[in-house]
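When we follow my numbering, the leftmost residue of the sequence shown carries the number 1, and every step to the right adds one.
Worth flagging that the hints you see were computed from the coordinates, not collected in a lab.
Check the hints yourself; a few may be wrong.
Stated by the list, open to error - Computed spacing ranges between beta-carbons, pair by pair:
id : residue 1 : residue 2 : range
1  : E95       : Q198      : 23 to 29 Å
2  : D127      : S74       : 21 to 27 Å
3  : G179      : D102      : 14 to 20 Å
4  : L209      : H73       : 35 to 41 Å
5  : I136      : L209      : 16 to 22 Å
6  : V165      : A196      : 45 to 51 Å
7  : G199      : V80       : 42 to 48 Å
8  : G154      : H81       : 31 to 37 Å
9  : L71       : D212      : 35 to 41 Å
10 : E65       : K144      : 14 to 20 Å
We put the CB at the ideal spot given by N, CA and C, even for glycine.
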Amino acid sequence: RGRPAGETSNVSTNESAEDRGSQSATRSTTTNTTVGCSASMSSPEDDSRDKRQRNIDSIRKHPGEIEFFKLLHSEFQKAVHFVDRAIDEFSIREERIREGMDIIQTKSHKSPVWNAFAKSVYRLYTDLLLLETFCIMTYCSFSKILKKHDKHTGYETRNAFMLNVVNNANFTNYTNLQGMIERCQQVFTDVSDQLAQQGQEGLYEDERLFIDMIHKLNRPEDTTESQSKRRN
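I would like the entire structure built from these sequences, with the hints used as guidance.
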């Protein structure tokens with residue numbers, strides 16, 4: 001026997017509702033799975049990169065930040081220019097010192113000649129160490145300025161500026177200066193020994209003390225090593 005028309009209609013309606021519910025649940029499950037996969041695909045590196053980009057975009061739109069970094073770059077260029085000029089000048093002076101050392105070593109000169117030569121050596125050695133001090137202090141100054149800037153503004157600029165700008169500067173990588181310091185230190189030692197042989201070891205004592213102080217300030221590890229050798 002066939003079903004009544006009303007019963008058939010109710011069964012069809014119930015089946016259609018069940019089908020729609022099943023399809024809706026499937027779509028919901030698929031959507032949640034997709035969202036979950038998207039979230040898991042977002043890596044910390046991507047988040048960090050997006051954060052840096054938002055940081056840069058925000059700085060570029062801020063007049064105060066634009067002015068600050070213009071001033072910072074200006075001071076950076078001044079420091080680079082100063083170190084370049086100083087190294088060029090000291091290179092010429094070092095060449096003259098080496099020539100003078102060759103001349104006085106080939107002849108037996110009395111103490112007045114060695115005294116005049118020692119004065120030039122001490123001055124150059126002092127200036128080289130002071131330039132090294134300038135390089136160290138300039139590097140530290142940029143780092144501290146940016147650290148304070150980031151603390152007050154909430155931006156993160158220090159690491160990027162130090163890595164991309166300051167770390168490539170001549171006051172950060174000064175191998176030429178270090179080479180001149182090492183060579184001048186040897187001449188300084190030779191001249192000091194010669195003056196001691198002539199009974200003039202007390203000459204320029206203040207200059208020697210000043211040089212020792214700067215050397216210890218710039219290179220504390222050398223002082224620690226020399227003290228360790230003396231104890232051993």
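Now the hints, each set against the structure:
1. E95 <-> Q198: 23 to 29 Å: holds, 26 Å
2. D127 <-> S74: 21 to 27 Å: With a Cβ separation near 26 Å, D127 and S74 satisfy 21 to 27 Å, so the hint holds.
3. G179 <-> D102: 14 to 20 Å: At 19 Å between Cβs, range holds.
4. L209 <-> H73: 35 to 41 Å: holds, 39 Å
5. I136 <-> L209: 16 to 22 Å: holds, 21 Å
6. V165 <-> A196: 45 to 51 Å: holds, 47 Å
7. G199 <-> V80: 42 to 48 Å: Given range 42 to 48 Å: holds, Cβ gap about 46 Å.
8. G154 <-> H81: 31 to 37 Å: At roughly 32 Å between Cβ atoms, H81 and G154 fall inside 31 to 37 Å, so the hint holds.
9. L71 <-> D212: 35 to 41 Å: Check passed, 37 Å falls within 35 to 41 Å.
10. E65 <-> K144: 14 to 20 Å: Given range 14 to 20 Å: holds, Cβ gap about 18 Å.
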